[in-house]
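Peer 1: Protein chains in written order, with our numbering: chain A, 1 to 299; chain B, 1 to 289.
Keep in mind the hints are simulated off the structure, nothing from the lab. A few of these clues could be false.
Over 10 Å on every C-beta distance to chain A, these chain B residues come out as not near it, computed from the model [claimed, not checked]:
(1) 105
(2) 134
(3) 153
(4) 155
(5) 169
(6) 253
(7) 256
The calculated label-pair distances, taken between Cβ atoms and stated as ranges, are [unchecked claim]:
(8) 7/B <-> 235/A: 18 to 28 Å
(9) 250/B <-> 263/A: 40 to 50 Å
(10) 3/B <-> 257/A: 40 to 50 Å
(11) 225/B <-> 263/A: 42 to 52 Å
(12) 67/B <-> 153/A: 50 to 60 Å
(13) 225/B <-> 237/A: 47 to 57 Å
Residues on chain B that point at chain A, a partial pick, calculated with CB under 7 Å [what the hints assert, rightly or not]:
(14) 246
(15) 250
(16) 282
From the three backbone atoms N, C-alpha and C, an ideal C-beta is built for every residue, glycine too.
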Amino acid sequence: MSTLRCAFVALLAATILTSVPAAAQERLKVIASFSILADLVKNVGGERVEIGALVGAGSDAHVYAPTPADARRVAEARLVVVNGLGFEGWLDRLVKASGSKATVTVATKGIKTRKAGGGQDHGHDVDPHAWQAVANVKIYVANIRDALAAADPAGADAYRANATAYSARLDALEAAVRSAVAKIPAARRKIITNHDAFGYFEAAYGIKFIAPQGVATDSEPSARDVARIITQIKRQKIPAVFLENISDPRLMQRIAKETGARIGGTLYSDALTEANGPAPTYIDLIRHNLTTLAGALTS
Amino acid sequence: MIYDTFIAPFAEFEFMRRALVGTIAIAFGAAPVGIFLMLRRMSLIGDAMAHAILPGAAIGYLLSGLNVFAMAGGGLVAGLVIAIGAALIARTTELKEDASLAGFLLISLAVGVTIVSVGGSNVDLLRFLFGSVLGLDDQTLLLIVSITTLSLLALALIWRPLVLECVDPGFLRSVSRAGGPAHLAFLALVVMNLVGGFHALGTLLAVGIMILPAVTARFWARDITMMIAIAVASAGVAGYTGLLLSFHAGLPSGPAVILVAGALYAASVVVGPVGGLLWQAFPGRHLEA
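Could you put together the complete structure from these sequences and hints?
Peer 2: This is how it looks when you write it as structure tokens:
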């Protein structure tokens with residue numbers, strides 16, 4: 001009898017003991033505000049992190065409305081990674097409302113910001129789309145690495161190794177962008193697009209992005225704006241017009257027809273595509289934008 | 001100077017010409033329909049129907065993407081189902097038409113919003129639904145002009161029963177059975193014109209360009225033909241002036257057009273010779289003399 005009980009207790013102890021390492025292996029729950037950030041966290045966190053994005057692939061973070069399910073995911077998360085710079089105006093309230101105890105990390109900490117161009121009816125003056133310059137994303141990666149290490153000290157070494165490896169890939173990406181841009185004749189390095197989310201790309205690589213609308217995707221252009229942009233394309237001989245995955249395409253087509261500029265293809269700015277799309281990861285996104293730009297501007 | 005202000009924007013830019021053609025075509029289709037809506041005390045029905053179109057357009061979008069004709073077709077079907085359903089319920093049960101339509105409208109709106117939200121990336125759809133008069137492509141223009149042509153022909157066809165039902169439905173029922181079919185055909189016209197306007201110019205503009213010119217015309221004429229002529233003219237003027245306003249003052253084009261239509265209405269309330277405020281304040285002086 002007593003031996004049986006002993007055996008039972010031993011068995012119980014054994015299961016508890018074996019379940020303790022299993023609990024330690026439980027992955028760190030992290031929520032990123034949008035798909036690009038989620039991709040970066042996935043690259044730095046690797047296997048140790050369970051990552052979710054509030055604004056998923058193909059959706060526009062500017063007009064996102066949080067759902068109760070999102071509040072639950074935020075409440076369950078240990079770490080919330082945001083872009084900051086006014087990109088996710090809705091997030092503070094969501095974190096408070098969810099009662100989450102998660103640390104909120106701003107991935108753009110330490111980035112040299114630039115002013116938003118042309119945004120007349122905009123609440124904030126800083127352009128939040130800093131990830132469009134690859135050099136900035138290396139800072140994102142460093143911030144994410146530190147935040148993950150703080151939330152999960154046991155994995156600090158793994159995070160550091162991942163971040164270093166990913167930064168090396170970013171360096172290669174940066175070099176590829178620069179050499180591709182160098183092949184485009186200097187006079188043709190300008191396009192017109194209906195979303196000026198590319199301010200950092202423009203500043204870093206010297207391709208000029210001219211937009212008929214402000215920074216936000218929610219302002220309706222007036223006839224005057226459209227007329228100005230058409231006049232501008234004709235006067236400056238801008239070779240290509242680009243569509244963007246989250247704005248009204250018909251207006252762009254009209255402008256292209258009226259000016260003879262080429263419709264260059266789709267540039268992805270604020271969101272990744274689904275896994276079967278052309279830009280399922282951040283590196284793919286930049287490469288896709290680069291090939292599309294080069295294709296429209298070199299010929 | 002006059003040329004620069006009033007003509008140059010259209011001479012210089014094709015998108016302005018297209019926008020003008022679009023708004024004028026919509027004026028010809030929607031304004032007469034608006035007159036009948038007003039005469040039958042159904043002015044708010046236009047608003048209701050605009051919401052009712054949403055689920056159909058959303059389904060059309062889900063099935064075939066941003067195809068103007070698929071979305072217009074879906075909107076048309078949804079609007080017709082609701083218009084006919086509401087009319088049938090009103091004619092066969094105790095419920096009045098406005099009440100049954102309100103019921104349908106609210107259900108339809110909820111279904112539409114649900115489909116839009118569940119359908120994933122909804123931004124494109126909303127952009128499409130709230131359309132921009134500045135981005136009219138060939139397809140959309142063709143759709144608007146076809147709808148206007150069809151609706152003018154149909155109005156000519158059902159003109160007599162329609163007018164009779166406005167002024168004396170009892171008499172019409174005693175001499176003819178055309179009242180019911182004419183009413184249904186008329187509701188179909190309302191839906192069609194809303195779909196055309198809705199697609200090109202968004203909900204706001206579609207309903208506004210239907211109702212505002214009609215209520216403006218009411219202050220200028222008693223004769224229904226005159227009223228329609230004035231409504232079409234004032235809708236056209238609103239379109240033209242609104243586009244100019246958008247061009248020179250940088251206002252968003254859709255709201256600018258409706259604001260001008262609204263200003264015409266406000267002015268007519270004051271100075272309109274048929275029941276306008278000024279004419280009521282000084283009644284019949286020229287008759288006494």
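Peer 1: Lying within 40 to 50 Å: is that true of the beta-carbon distance residue 3/B to residue 257/A?
Peer 2: Hint violated: Cβ distance 25 Å, outside 40 to 50 Å.
Peer 1: Using the beta carbons of residue 225/B and residue 237/A, state whether their distance is inside 47 to 57 Å or not.
Peer 2: Cβ of residue 225/B to Cβ of residue 237/A: about 53 Å, so the range 47 to 57 Å holds.
Peer 1: Taking the minimum C-beta separation from residue 105/B to chain A, is that value above 10 Å?
Peer 2: holds, 23 Å
Peer 1: When you look at the beta carbon of residue 134/B, is every beta carbon of chain A farther off than 10 Å?
Peer 2: For residue 134/B, whose nearest Cβ neighbour in chain A is about 5 Å away, the distance does not exceed 10 Å, so it is violated.
Peer 1: Using the C-beta atoms of residue 67/B and residue 153/A, is the stated range 50 to 60 Å upheld?
Peer 2: holds, 54 Å
Peer 1: Is the nearest CB of chain A more than 10 Å from the CB of residue 169/B?
Peer 2: holds, 43 Å
Peer 1: How about residue 282/B: closest beta carbon in chain A under 7 Å, or not?
Peer 2: Violated: closest Cβ of chain A sits about 41 Å from residue 282/B, beyond 7 Å.
Peer 1: For the pair residue 250/B and residue 263/A, does the Cβ-Cβ distance stay inside 40 to 50 Å?
Peer 2: violated, 26 Å
Peer 1: Would residue 153/B pass as off the interface with chain A, using Cβ distances and a cut of 10 Å?
Peer 2: Answer for residue 153/B: holds, closest chain A Cβ roughly 28 Å.
Peer 1: At 10 Å, judged by beta carbons, does residue 256/B keep clear of chain A as stated?
Peer 2: violated, 8 Å
Peer 1: So, residue 250/B near chain A? Judge it on the closest CB pair being under 7 Å.
Peer 2: Nearest chain A Cβ about 4 Å off; hint holds.
Peer 1: Checking a non-interface call: every C-beta of chain A should be farther than 10 Å from the C-beta of residue 253/B. Is that right?
Peer 2: Residue 253/B is in fact no farther than 10 Å from some Cβ atom of chain A, at 5 Å.
Violation of the numbered hints given earlier is confined to hints 2, 6, 7, 9, 10, 16; the remaining hints are satisfied by the structure.
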